[in-house]
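Visitor: Sequence:
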Amino acid sequence: MVTEDEFYQYCQELNSHYLGAKKDISKAKAISKYQIQKIEVAIEKAGEIGCSNGCSHCCQLRVVAFPHELIAIYLHIKFSFTKARSDAAIARVKSQFAKIKDMSMEQHFVTNVECPLLENGRCSVYEVRPIACAGYHSVTEERCRYSNEHPEIVGTETGGIPMVLEIQDSSGAQVGAISQVINAHNDDVTQYELIRGLNAIAVDPSVNQKWMRGRKFLK
667 MVTEDEFYQY CQELNSHYLG AKKDISKAKA ISKYQIQKIE VAIEKAGEIG
717 CSNGCSHCCQ LRVVAFPHEL IAIYLHIKFS FTKARSDAAI ARVKSQFAKI
767 KDMSMEQHFV TNVECPLLEN GRCSVYEVRP IACAGYHSVT EERCRYSNEH
817 PEIVGTETGG IPMVLEIQDS SGAQVGAISQ VINAHNDDVT QYELIRGLNA
867 IAVDPSVNQK WMRGRKFLK
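Counting in this note's numbering, the sequence shown runs from 667 upward without gaps.
Don't read these hints as lab results, they were simulated from the structure. Treat the hints with care, since some could be wrong.
[What the hints assert, rightly or not] Listed below are the simulated BS3-like cross-link pairs for lysine-lysine, each with C-alpha atoms no more than 30 Å apart in a straight line:
1) Lys699 - Lys744
2) Lys760 - Lys688
3) Lys885 - Lys689
4) Lys876 - Lys760
5) Lys688 - Lys699
6) Lys885 - Lys699
7) Lys744 - Lys711
8) Lys767 - Lys744
Nothing here was measured: the structure is a model prediction, and the numbers come from that model.
Based on the provided sequences and hints, a complete structural model is requested.
Guide: Structure, rendered in structure tokens:
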């Protein structure tokens, strides 16, 4: 379990990265990388899990992300990819947004929609993926595959995904710490649906400046 002292340290370090990104938006990626690093340490300590390189069963699920995470992903696409690869990724975002834009949250939860950030079955933004993705895992690949084949199933009680408590605890601590940091700055703490958020930035990149000024990221 994450101790009170560890949580306080998370908040301090995240706040330092957050303030840096507020002055230089390109540093938004550093926040995501810090969050992911802490969760990956917990995964390593937990030992072997069912997830493996190239496994993408969970990349059909509805995902949410904080504004800084959306910005980090967008910047990674725009400045770490070639232009052709970046254009292709943005085109996939817009295509997948067209599929979900009229779905309710409940409909999206029980409908498989492939993440537009997948390339040949692998995450193209792995190093800056959201907390929601970094902390998601399964004890067995078989249960993930079954859940993917039956998206109407939600929750471990009905045959969903078995997880490791320590990894969930670490992921929850990161969500709690960044939420506390964001609230301390009176910024937008909303976690937006990933595809919808990325599409909004792709259509109008100036929304990133709203985050810089502490305004509501998306309507």
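Visitor: Are the hints correct? Go through all of them and say.
Guide: The hints, checked one at a time:
1. Lys699 - Lys744: 17 Å, holds
2. Lys760 - Lys688: 27 Å, holds
3. Lys885 - Lys689: At roughly 24 Å apart (the allowed maximum being 30 Å), Lys689 and Lys885 satisfy the hint.
4. Lys876 - Lys760: 21 Å, holds
5. Lys688 - Lys699: Roughly 16 Å separates the two Cα atoms, so the pair holds.
6. Lys885 - Lys699: Holds: Lys885 and Lys699 sit about 27 Å apart, inside 30 Å.
7. Lys744 - Lys711: 34 Å, violated
8. Lys767 - Lys744: Holds: Lys767 and Lys744 sit about 23 Å apart, inside 30 Å.
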